[in-house]
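Engineer: Using the sequences and the hints given, assemble the complete structure.
Protein chains in written order, with the working numbering: chain U, 1 to 337; chain C, 338 to 645.
What the hints contain is simulated information worked out from the structure, not anything from laboratory work. Don't be surprised by glycine CBs; every beta carbon is placed ideally from N, CA and C. Among the hints, erroneous ones may be present.
As the list claims (entries may be wrong) - Computed footprint of chain C on chain U, listed as stretches where at least three residues anywhere in the stretch have a Cβ under 8 Å from a Cβ of chain C:
(1) 66-75
(2) 106-113
(3) 195-207
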Amino acid sequence: MSRHTMLMGAVATFALCAAAPGFADTSGKRIALSNNYAGNSWRQAMLESWDKVAGAAVSDGVVAAADAFTTSENQATEQAAQIQNMILQGYDAIVINAASPTAVNGAVKEACDAGITVVSFDGIVTEPCAWRIAVDFKLMGREQVKFLAAKYPEGGNLLEIRGLAGVFVDDEISAGIHDEVSRSNFKIVGSVHGDWAQDVAQKAVAGILPSLPEITGVVTQGGDGYGTAQAIAATDRPMPTIVMGNRQDELAWWAEQKAANGYETTSLSIAPGVSTLAFWVAQQILDGKEVPHDLTVPFLTIEQDGLEAALETTPMGSVSNVEYNLDDALAVIDPAG
Amino acid sequence: MTREHLRFMLPILSLSILLVGVFYLQPRAMSYFGLNLLFNLAIPVALATIAQMMIIMVNDIDLSIGTFVSFCACVTATLVQDTPLLGYTVLALAIVGYAAIGAVIHIRGLPAIVVTLGMSFVWAGLAVLLLPSPGGSPPPWLRTLMTMKPPLVPFAIIAACVIAAVTHLFIKRSSFGVLLRGVGGNERALERSGWSIVWLKAAAYGLAGLFGVLAGMALVGLTTSADANIALRYTLLSIAGVILGGGEFTGGRVSPIGAVIGALTLTLAASFLSFLRLSSDWQIGAQGAILILVLAVRLLVSRREGAA
Numbered sequence: 001m002s003r004h005t006m007l008m009g010a011v012a013t014f015a016l017c018a019a020a021p022g023f024a025d026t027s028g029k030r031i032a033l034s035n036n037y038a039g040n041s042w043r044q045a046m047l048e049s050w051d052k053v054a055g056a057a058v059s060d061g062v063v064a065a066a067d068a069f070t071t072s073e074n075q076a077t078e079q080a081a082q083i084q085n086m087i088l089q090g091y092d093a094i095v096i097n098a099a100s101p102t103a104v105n106g107a108v109k110e111a112c113d114a115g116i117t118v119v120s121f122d123g124i125v126t127e128p129c130a131w132r133i134a135v136d137f138k139l140m141g142r143e144q145v146k147f148l149a150a151k152y153p154e155g156g157n158l159l160e161i162r163g164l165a166g167v168f169v170d171d172e173i174s175a176g177i178h179d180e181v182s183r184s185n186f187k188i189v190g191s192v193h194g195d196w197a198q199d200v201a202q203k204a205v206a207g208i209l210p211s212l213p214e215i216t217g218v219v220t221q222g223g224d225g226y227g228t229a230q231a232i233a234a235t236d237r238p239m240p241t242i243v244m245g246n247r248q249d250e251l252a253w254w255a256e257q258k259a260a261n262g263y264e265t266t267s268l269s270i271a272p273g274v275s276t277l278a279f280w281v282a283q284q285i286l287d288g289k290e291v292p293h294d295l296t297v298p299f300l301t302i303e304q305d306g307l308e309a310a311l312e313t314t315p316m317g318s319v320s321n322v323e324y325n326l327d328d329a330l331a332v333i334d335p336a337g
Numbered sequence: 338m339t340r341e342h343l344r345f346m347l348p349i350l351s352l353s354i355l356l357v358g359v360f361y362l363q364p365r366a367m368s369y370f371g372l373n374l375l376f377n378l379a380i381p382v383a384l385a386t387i388a389q390m391m392i393i394m395v396n397d398i399d400l401s402i403g404t405f406v407s408f409c410a411c412v413t414a415t416l417v418q419d420t421p422l423l424g425y426t427v428l429a430l431a432i433v434g435y436a437a438i439g440a441v442i443h444i445r446g447l448p449a450i451v452v453t454l455g456m457s458f459v460w461a462g463l464a465v466l467l468l469p470s471p472g473g474s475p476p477p478w479l480r481t482l483m484t485m486k487p488p489l490v491p492f493a494i495i496a497a498c499v500i501a502a503v504t505h506l507f508i509k510r511s512s513f514g515v516l517l518r519g520v521g522g523n524e525r526a527l528e529r530s531g532w533s534i535v536w537l538k539a540a541a542y543g544l545a546g547l548f549g550v551l552a553g554m555a556l557v558g559l560t561t562s563a564d565a566n567i568a569l570r571y572t573l574l575s576i577a578g579v580i581l582g583g584g585e586f587t588g589g590r591v592s593p594i595g596a597v598i599g600a601l602t603l604t605l606a607a608s609f610l611s612f613l614r615l616s617s618d619w620q621i622g623a624q625g626a627i628l629i630l631v632l633a634v635r636l637l638v639s640r641r642e643g644a645a
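Structural biologist: Spelled out as structure tokens, the structure:
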């Protein structure tokens, strides 16, 4: 019954705000970010993006507060306690990058029952009352093969660099790649685990190369393209088309090759700025907008023409990033609806 | 006031000070709803702390309690839910296994710290085998129990009082409790008067297993699902809880009420620091500082008592 009344309330608010322009009715709302881990460059960039975009939204009066909290240890029980603290602190919405898809569900349910909007992204939660901004990792695999198929319609041999064994992200990307390859003229002739790290990928590729026939393309998972290129460059093989993953070293190598011999490829990954997308989605839900509970994060793709610009804005040792504004967020919300 | 009283008062005092701090920072916490949110995740920590206390009571230390609780949580969220008979059997076997470890440690004269460290990998492996990716769901009765809303006093507070009272009566007031504490206090004397230390140690470990199982079940009831890594932090939290609550590593000197209060204090300390808006980089350090502060005060108090 309370859910019904809430819905009625939301509809009423929506009707009201449809008439009034601007964000008048979220100016008193407070949003919190619950983050479980800050120990790598991707997460650091994610938090910086949040501070920048959400901070600007606070000073523009769109929302009253947008505070970021990171648990001191990457543990689900700590994050559950952190979420419960946020309920007590009276936030109107909680944006979560969760330590576990299920282990904070109890706390998320408590938040929903207290009338709080919960939006999860990247590390999503399965509790039905929360919103999810998920990454379609399978699609990420497919897109790579599609790019190669457009470039080499006649097909050829592919080398697959995989991520960390046993992690579901690795399985998903790989499943997408294999699925798309089965519908193309390509053949995967070798597969190694690069653990999303350049040095591991370099060693693994150097190990498998002597046993491989000529390779047309290399499909990757991000963080492994530069190492692969180094391993292949050390042999007398022609350089295949290596799909990159938006890391600065990968883009720098690509730009160097492009300048030297017109090397062509593509690069795709998830931008850490997805935290700002989650921020706007939460703001829109508070604003009364009907948002579907399952959204998909768009990939950040860097193509041949945009390479130099992307490289310029990517700090050394970091990942290409993009921050979302309200209009970008609406574009993500609407096609899904 | 005697030394025993002071030892008992100190945990209560530190909990009260933290509680006042939390209420000052976040007046909203001063309500039925607020207290429940502050303390409900402390229930599994309190149960794990009692489990650790059983081991510390016999002069050992258990480094596997965190992974054991994770394992029990995984069993509860999968087997108990799907095939209750098998699930409860596995949990019972886990308790027997714990008792057996206690017996082996005593018979072979092995250092408990090494054996339990080894066992922690076994439990973690079993948990991953059972639940390779996070999921599962609690049996409905458990969820109902853990989200119960009794009148006047929040469930979390009632549960903490019940755990403290039951274990206090058992450890401090029953004759079996005296024997168990005797193992930590003077093993040889007990042995000479005809008691089997093997059985007593096995009993202490078995009790630890029992409370570990309860902790895992309570945790799943709260989180609604499990994860093979869900309770890794409990190992250190439980040791800290026992010591914070006035227990000592040797001599069978433990206090069940203190242990429960210690667990509540540790949980509350984390909330207090997050209400303070302290950066996460400093939080672990600050949590440690609180711990050291309480222990330092305790040392000061007991020294003065010794001098008097």
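Engineer: Going through the numbered hints above, which ones does this structure break? Give me the numbers in ascending order.
Structural biologist: Of the numbered hints, just 3 does not hold.
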